[in-house]
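Asks: Working from the sequences, and respecting the hints, build out all of it.
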Amino acid sequence: MTATANARTSVAASLPRGIWIRMYLRLFAVQGSWNYESLIGNGIAFCMEPALRLLPGGIGGQKYSEALGRHARYFNAHPYFAGVAVGALARAELDGVPPALIERFRTALGGPLGSVGDRLVWASWLPLCSLIALSAFGFGAPPLLVTAIFLVSYNLGHFWLRAWGLQVGFKKGLRVADALGNPVLRKGPQIVGTAAALVAGLAIPLASSRLIGGGRSLAAGIIVVAMFGGVLFSRFGGRIEGWRLSLAILALFVFFSVIR
Amino acid sequence: MIILLDLLPIVMLGAFLGMDVVTFPQAMISRPIVAATAAGAFIGNAPAGLIMGAILELLALEMLPFGASRYPEWGSASVVGGALYASAWGDPAGALVASLLAALLTAMVSGWSMVRLRRSNARRAASLKSRLDAGSVDAVTGLQLFGLTADLFRGAIVTFVAMLVFKPLTPAIISAWTVDARDSRAVVVAIVAAVAAGAIWKIFHSVPKARIVFVSGLVIGAFLVVTR
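Chains R and W supply the protein sequences, listed in that same order. For the first sequence, position 125 (counting from the first letter as 1) is numbered 776 according to the numbering used here, and the numbering increases by one without interruption. For the second sequence, position 222 (counting from the first letter as 1) is numbered 904 according to the numbering used here, and the numbering increases by one without interruption.
These are computed hints drawn from the structure, not numbers from a lab. Here the structure is a predicted model, which means the values were calculated and not measured. Mixed in with the good hints, there may be bad ones.
Unchecked claim - Cut-off 30 Å, straight-line C-alpha distance, at most; resulting in silico cross-link-like pairs (BS3-like, lysine-lysine): (1) K838(R) / K822(R); (2) K811(W) / K714(R); (3) K891(W) / K838(R); (4) K822(R) / K714(R); (5) K838(R) / K823(R); (6) K884(W) / K838(R); (7) K823(R) / K714(R).
What the hints assert, rightly or not - Beyond 10 Å from chain R on every Cβ pair, some chain W residues (computed): (8) L687; (9) D688; (10) L689; (11) L690; (12) P691; (13) M694; (14) F724; (15) G726; (16) S769; (17) G772; (18) W794; (19) S795; (20) F835; (21) V847; (22) A858; (23) W859.
The beta carbon of each residue, even a glycine, is placed where N, CA and C say it ideally should be.
Replies: So this is what it looks like as structure tokens:
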């Protein structure tokens, strides 16, 4: 009895390496069945499943089935931060936290994981990496180098974030909210955003110049037109997305050029 | 049959990169600057793919993949745009515009197909609800695999249909094109640069000092363009 309890305590302190790796790899497919009803709920259960095998009774045991059923329901989080939820919820299940408390914790966890991830990743890290790659393109870098700069810089953050999330989630369990107060998560979007604004200023003229393919006066003229258009678009373009507007203008341009 | 075999590598690339947008592995290999360049490399003309990739990337800055929001699917669309532009050897007038138009139309249709897929996943989840609630590992894993496989097929179908439509249409537009190549390219660059500048402002306007930092970068960038 004591030996079993000790074994469970040791499992709860840190996940066996094989299970951690399985959960980490599954996190890359956490949005595999994303839908408008349960969002990534099924994905969360899918990622937690290897850890739930450690519950008394193993696969097919009552605790295993109850826990899996509990976590296959509605859940929302940023996909890169889903690991925090997966780790924390797995820890809670292995620690034998009462189901009602797990449900409440689960409900409270989703919102912050969504907003932190959206601000840090989609609205900061992704545009920064994209703009760095566009700057490299503007400086004349060849295709392989441009794509390598983007993929390596972006995925260093991406792979690390998923691993950190799973690790910190499992380590902190129900106290994982403390980890979300990490200075990187609080100040990160602002610092990355400032850097991205600077790189954006560099990237747009340089990339435009390379796209035009020579002719300083033409390049300068287009940059001025683009900045003027950008100001107009940011002020008055709230009702239409830029890519749709571009599509409409290009369709008219094709029509004009082909039939005239 | 020959058309099918001809398109197979591009369709497979479109399928995999379409999947990367949401379902697996979200490593952003589906971003236009990577996807269009890869498609160009498949055709044997990576530099042309990179040109299309940079143009689409400037446009894509505006539409970031926030949760349940609806956005164009750039992965398969960039493969289509990159492959079409890379196929127009010698960069004839109109090739860039026609290929970009094809990519944007594909992105629109592909975004719509993602919404359909999400509804299909929801129907599948509803049909499995009792088994999911009971904690059936087969139901959980099966639903996940269904979504992943369906997304792979979605990307493949979108890419295949787009290539089937635009592969003959793009040369037809190029052959009837009348505007000068340099002017055509200037129009495209002005549009995408304006959209990118507006997008950057929308994303970062709430960041303290973003305006002064952006303008500083712009001055340095413009200086480099004029003096290089």
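Asks: Against this structure, judge whether each hint is valid.
Replies: Hint check results:
For the given pair, K838(R) sits about 23 Å from K822(R) by alpha-carbon distance, which is consistent with the 30 Å threshold. Between K811(W) and K714(R) the alpha-carbon distance is near 19 Å, which keeps this suggested pair within the 30 Å criterion. Restraint check: the Cα-Cα separation between K891(W) and K838(R) comes to about 15 Å, which is no more than 30 Å; the hinted pair holds. This hinted pair checks out: K822(R) and K714(R) have alpha carbons roughly 21 Å apart, not beyond 30 Å.
At roughly 21 Å between alpha-carbon atoms, K838(R) and K823(R) fall within 30 Å of each other, so this suggested pair holds. With a CA separation close to 19 Å, the supplied pair K884(W) and K838(R) stays within the 30 Å bound. For the proposed pair K823(R) and K714(R), the alpha carbon gap of about 22 Å is at most 30 Å, so the pair holds. Distance check for L687(W) against chain R: the nearest CB is about 26 Å away, which clears 10 Å, and the non-interface claim stands.
The beta carbon of D688(W) is kept farther than 10 Å from every beta carbon of chain R, the shortest such distance being approximately 23 Å. No Cβ of chain R comes within 10 Å of the Cβ of L689(W); the nearest lies about 22 Å off, and the non-interface call holds. Interface exclusion of L690(W) from chain R stands, the closest Cβ pair being 22 Å apart, more than 10 Å. No Cβ of chain R comes within 10 Å of the Cβ of P691(W); the nearest lies about 17 Å off, and the non-interface call holds.
Against the 10 Å criterion, M694(W) stays outside the reach of chain R, whose nearest CB is about 18 Å from its own CB. Look at F724(W): its CB is around 12 Å from the nearest CB on chain R, clear of 10 Å, so calling it non-interface holds up. Taking the minimum C-beta to C-beta distance to chain R, about 12 Å, the non-interface status of G726(W) holds against the 10 Å cut. Every C-beta of chain R lies more than 10 Å from that of S769(W), the closest at about 16 Å, which supports listing it as non-interface.
Listed as a non-interface residue, G772(W) keeps its Cβ farther than 10 Å from every Cβ of chain R; the least gap is roughly 14 Å. For W794(W), the non-interface assignment is confirmed: its Cβ lies about 13 Å from the closest Cβ of chain R, beyond the 10 Å cut-off. No Cβ of chain R comes within 10 Å of the Cβ of S795(W); the nearest lies about 14 Å off, and the non-interface call holds. With a cut of 10 Å on Cβ distances, F835(W) stays outside the contact zone with chain R, its closest approach being about 14 Å.
The claim that V847(W) lies off the interface holds: its Cβ sits roughly 15 Å from the closest Cβ of chain R, which is beyond the 10 Å cut-off. At the 10 Å boundary, the C-beta of A858(W) falls inside the reach of chain R, the nearest C-beta of that chain being 5 Å off. Under the 10 Å C-beta cut-off, the non-interface status given to W859(W) relative to chain R is violated; the minimum distance is some 5 Å.
Going through the hint list in order, the structure does not satisfy hints 22 and 23.
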